[in-house]
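*Asks:* Here is how the chains run, residue by residue.
Protein chains: 2
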Amino acid sequence: MINAPSPIFSSPLYLSGASISDFGELWDRSLESLIEHVIEESLRTAQLEKKDIDAVVVANMSAGQFEGQSHLGALVSSMFPQFPPAIRVEGACASGGLALLTAEQYILSGTYQRVLVIGAEKMTDVSAQETTDILAGASHVIEESLATFPALYALLAKEHMREYGTTRENLVSIAVKNHHHAMNNPHAQFHKEITIEDVLKSPMVADPLRLLDCSPISDGASAVVISSDSHRAQARIAGFGHAQDSLTLAGRSSLTSFEATSRATKQALSRTEAKIAEFDAYELHDCFTIAEIFAIEDIGLCKKGASQAYIENHSDKLNKSGGLKGCGHPVGATGVKQVAFLAQQIELGIIERGFAQNIGGAGATAVVHCVEPAKVNENKGIVKNTRIKKSEKK
Amino acid sequence: MINAPSPIFSSPLYLSGASISDFGELWDRSLESLIEHVIEESLRTAQLEKKDIDAVVVANMSAGQFEGQSHLGALVSSMFPQFPPAIRVEGACASGGLALLTAEQYILSGTYQRVLVIGAEKMTDVSAQETTDILAGASHVIEESLATFPALYALLAKEHMREYGTTRENLVSIAVKNHHHAMNNPHAQFHKEITIEDVLKSPMVADPLRLLDCSPISDGASAVVISSDSHRAQARIAGFGHAQDSLTLAGRSSLTSFEATSRATKQALSRTEAKIAEFDAYELHDCFTIAEIFAIEDIGLCKKGASQAYIENHSDKLNKSGGLKGCGHPVGATGVKQVAFLAQQIELGIIERGFAQNIGGAGATAVVHCVEPAKVNENKGIVKNTRIKKSEKK
Numbered sequence: 001m002i003n004a005p006s007p008i009f010s011s012p013l014y015l016s017g018a019s020i021s022d023f024g025e026l027w028d029r030s031l032e033s034l035i036e037h038v039i040e041e042s043l044r045t046a047q048l049e050k051k052d053i054d055a056v057v058v059a060n061m062s063a064g065q066f067e068g069q070s071h072l073g074a075l076v077s078s079m080f081p082q083f084p085p086a087i088r089v090e091g092a093c094a095s096g097g098l099a100l101l102t103a104e105q106y107i108l109s110g111t112y113q114r115v116l117v118i119g120a121e122k123m124t125d126v127s128a129q130e131t132t133d134i135l136a137g138a139s140h141v142i143e144e145s146l147a148t149f150p151a152l153y154a155l156l157a158k159e160h161m162r163e164y165g166t167t168r169e170n171l172v173s174i175a176v177k178n179h180h181h182a183m184n185n186p187h188a189q190f191h192k193e194i195t196i197e198d199v200l201k202s203p204m205v206a207d208p209l210r211l212l213d214c215s216p217i218s219d220g221a222s223a224v225v226i227s228s229d230s231h232r233a234q235a236r237i238a239g240f241g242h243a244q245d246s247l248t249l250a251g252r253s254s255l256t257s258f259e260a261t262s263r264a265t266k267q268a269l270s271r272t273e274a275k276i277a278e279f280d281a282y283e284l285h286d287c288f289t290i291a292e293i294f295a296i297e298d299i300g301l302c303k304k305g306a307s308q309a310y311i312e313n314h315s316d317k318l319n320k321s322g323g324l325k326g327c328g329h330p331v332g333a334t335g336v337k338q339v340a341f342l343a344q345q346i347e348l349g350i351i352e353r354g355f356a357q358n359i360g361g362a363g364a365t366a367v368v369h370c371v372e373p374a375k376v377n378e379n380k381g382i383v384k385n386t387r388i389k390k391s392e393k394k
Numbered sequence: 001m002i003n004a005p006s007p008i009f010s011s012p013l014y015l016s017g018a019s020i021s022d023f024g025e026l027w028d029r030s031l032e033s034l035i036e037h038v039i040e041e042s043l044r045t046a047q048l049e050k051k052d053i054d055a056v057v058v059a060n061m062s063a064g065q066f067e068g069q070s071h072l073g074a075l076v077s078s079m080f081p082q083f084p085p086a087i088r089v090e091g092a093c094a095s096g097g098l099a100l101l102t103a104e105q106y107i108l109s110g111t112y113q114r115v116l117v118i119g120a121e122k123m124t125d126v127s128a129q130e131t132t133d134i135l136a137g138a139s140h141v142i143e144e145s146l147a148t149f150p151a152l153y154a155l156l157a158k159e160h161m162r163e164y165g166t167t168r169e170n171l172v173s174i175a176v177k178n179h180h181h182a183m184n185n186p187h188a189q190f191h192k193e194i195t196i197e198d199v200l201k202s203p204m205v206a207d208p209l210r211l212l213d214c215s216p217i218s219d220g221a222s223a224v225v226i227s228s229d230s231h232r233a234q235a236r237i238a239g240f241g242h243a244q245d246s247l248t249l250a251g252r253s254s255l256t257s258f259e260a261t262s263r264a265t266k267q268a269l270s271r272t273e274a275k276i277a278e279f280d281a282y283e284l285h286d287c288f289t290i291a292e293i294f295a296i297e298d299i300g301l302c303k304k305g306a307s308q309a310y311i312e313n314h315s316d317k318l319n320k321s322g323g324l325k326g327c328g329h330p331v332g333a334t335g336v337k338q339v340a341f342l343a344q345q346i347e348l349g350i351i352e353r354g355f356a357q358n359i360g361g362a363g364a365t366a367v368v369h370c371v372e373p374a375k376v377n378e379n380k381g382i383v384k385n386t387r388i389k390k391s392e393k394k
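In the order they appear, the protein sequences are chains U and Z. The numbering of the first sequence is this note's numbering, which starts it at 1 and goes up by one. The numbering of the second sequence is this note's numbering, which starts it at 1 and goes up by one.
These are computed hints drawn from the structure, not numbers from a lab. Possibly wrong hints are sitting among the right ones.
Any copy, or any two copies together, can satisfy a pair, since identical chains are not distinguished.
[Said to hold, decoys possible] The calculated lysine to any residue pairs, modelled on SDA-like cross-linking and capped at a C-alpha distance of 25 Å, are:
1) K51 / W27
2) K317 / A306
3) K51 / G251
4) K304 / M79
5) K50 / T248
6) K50 / I142
7) K375 / E159
8) K50 / E143
9) K275 / G305
10) K317 / A277
11) K158 / K275
12) K158 / T248
13) K304 / D316
14) K51 / S270
Given the sequences, and given the hints that come with them, work out the whole structure.
*Replies:* Now the structure itself:
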């Protein structure tokens with residue numbers, strides 16, 4: 001399939017200005033004001049000015065439906081005096097991860113040096129029913145639109161329970177853990193510990209998933225600068241991966257794993273030479289509790305069906321931000337927030353290496369990032385080869 | 001602002017498999033079937049198989065609103081057995097141009113070798129009023145949403161008339177010319193010559209723009225393969241440019257030109273070393289007749305206010321496809337179709353070099369491409385420097 005020799009890159013992808021707004025039901029904030037906030041915060045943290053930004057990539061799933069506003073690239077570019085080139089990228093709940101990937105391509109191609117990536121979504125200004133309908137657009141609307149997302153994930157949960165003996169308690173432990181982690185995140189939507197009992201008593205949404213198995217509907221934004229120069233950068237992207245699977249569950253080869261997650265992870269790891277167990281923090285896409293179990297297994301932290309023991313022994317490493325469940329899930333913001341959070345943790349010296357997994361729909365799109373310190377061991381781990389080896393392609 | 005030396009690239013961006021569906025009111029076709037059609041046609045023309053495609057970029061403005069379907073990247077990826085990485089890109093009516101740019105970055109970065117770019121929009125399944133509302137999302141909805149797009153362009157037309165003495169007849173001549181060109185395009189929405197009288201008698205939409213000054217509401221799709229290898233390629237991207245301006249007209253420094261078009265054109269030309277007058281065909285974004293006058297002047301074919309004489313002498317070069325007015329304007333497809341059309345014209349030996357200008361909203365986003373033969377003079381004109389010289393930045 002590929003005839004030409006793989007080009008070798010040594011371009012670094014430095015991260016600075018990681019910024020995360022409060023996540024939650026922010027009825028006093030507009031989409032624009034959330035974006036303006038993270039731009040300001042990001043540039044202040046990075047010690048950059050607006051004029052230093054060469055291009056902007058905006059991640060957003062559905063502002064067209066939530067508030068009739070398309071053309072967000074131009075909207076955000078208009079917040080800068082020089083009107084930098086800007087683009088909006090969408091891949092449902094993986095929009096944020098895809099926006100980071102797009103910015104990385106801009107830099108690795110040599111077209112731009114400093115790209116501001118913004119993820120944002122304002123979801124709480126419409127009814128919960130409207131939001132559910134809009135989010136259903138992340139599935140195949142003609143073939144699967146009778147099922148809501150909780151129903152699709154409920155089906156996956158049941159399959160996982162049947163095949164691996166996963167229990168309701170296993171699912172619940174994810175929700176309890178992520179609410180616990182969110183207590184330490186000032187931007188999180190929830191600052192409330194929950195118990196196993198709370199989850200088991202919460203209203204049923206789609207059997208076996210109850211309300212507290214589901215990530216909330218959220219407003220929020222996040223931003224980070226990706227740059228080829230190391231100005232103020234304490235972290236960098238050391239690896240990225242992007243894979244897809246069938247949009248419909250009917251087209252999948254498995255209903256107990258997300259193959260796109262596994263393939264994206266292999267790509268990212270092959271770029272860094274890191275092993276999956278070597279990260280100190282894993283931001284995983286827990287839109288539902290079952291999704292974190294899938295993620296832990298599919299990125300390769302443990303064998304299929306063995307996540308419970310892994311979670312018990314490594315609770316502190318899994319979704320330290322609170323994840324989507326505890327921190328909130330403004331869909332376009334989530335993928336950017338995962339990487340921004342890891343960059344902040346590295347800057348604070350809390351972790352050395354972080355891993356982020358962001359998916360769209362029921363795992364049809366998967367984007368994975370490895371985040372490492374900018375300055376330690378400069379010759380090792382820089383993105384060396386952006387093209388994946390043949391053997392790792394499906 | 002930029003400290004590091006500019007990297008020099010010699011990566012070619014070859015074009016093959018240019019495909020354009022019929023444009024029109026295609027009530028018997030779904031968005032998916034249009035996309036499937038151009039994928040099949042594109043691969044057949046390029047003599048490639050689905051498995052040869054490394055990644056897919058989809059341009060679409062508003063499938064979320066038109067049919068509740070987001071996550072088009074995953075939808076299209078699912079049409080391929082290997083589920084290639086896929087992304088959707090949006091910049092209102094410039095979505096197609098931005099998707100081409102994104103694919104170019106993927107290739108110039110070395111991440112992928114063969115990227116299929118698809119532009120598609122299905123607009124006629126909702127009422128004209130709903131379509132008008134959805135398209136208004138390309139403007140700043142809070143600040144300008146009381147104005148429809150015809151109203152915004154009517155304002156620009158009046159300003160141009162006032163400042164340069166542009167007449168109704170000047171506008172009309174664009175519509176007559178583009179309907180005439182569309183007679184030769186089998187995929188065009190309209191195969192009907194119109195007269196000056198027809199335009200002047202058509203219903204008023206927003207003074208001075210009448211119905212026949214406006215591009216139609218259309219369904220359609222287009223695709224092209226961008227590749228770093230020259231397999232079956234007869235054309236290539238020799239230059240690209242991307243610039244923005246204020247999303248609101250109130251924020252512009254001029255209401256009689258689109259500065260983003262001028263800046264994007266300068267970028268693209270600086271990459272090819274071609275002069276603007278040296279192209280044989282110009283595909284220009286004539287969403288309204290006044291927009292083609294802006295385009296002719298803003299890309300630099302003539303001085304401001306002098307377009308009428310230019311059009312009279314170069315009618316055959318301007319929107320040979322019929323443009324948006326005669327060929328139709330399925331918004332996500334248009335930017336891809338412009339470049340696909342030029343690649344086809346080069347393959348057929350009708351033109352040697354083509355130029356495409358694609359804008360979003362009322363010119364807030366501008367994307368420009370220079371298309372040249374793949375094989376003539378291999379050492380000249382290859383994209384050499386993707387970064388723009390400082391002097392050409394605003």
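*Asks:* Hint by hint, say whether it matches the structure.
*Replies:* Results for each hint:
no., hint, verdict
1, K51 / W27, "neither (31 Å within a copy, 47 Å between copies)"
2, K317 / A306, "within (17 Å within a copy, 66 Å between copies)"
3, K51 / G251, "between (47 Å within a copy, 17 Å between copies)"
4, K304 / M79, "neither (47 Å within a copy, 28 Å between copies)"
5, K50 / T248, "between (42 Å within a copy, 19 Å between copies)"
6, K50 / I142, "between (43 Å within a copy, 23 Å between copies)"
7, K375 / E159, "neither (44 Å within a copy, 55 Å between copies)"
8, K50 / E143, "between (45 Å within a copy, 23 Å between copies)"
9, K275 / G305, "within (20 Å within a copy, 63 Å between copies)"
10, K317 / A277, "within (11 Å within a copy, 60 Å between copies)"
11, K158 / K275, "neither (31 Å within a copy, 63 Å between copies)"
12, K158 / T248, "within (17 Å within a copy, 50 Å between copies)"
13, K304 / D316, "within (21 Å within a copy, 64 Å between copies)"
14, K51 / S270, "between (35 Å within a copy, 22 Å between copies)"
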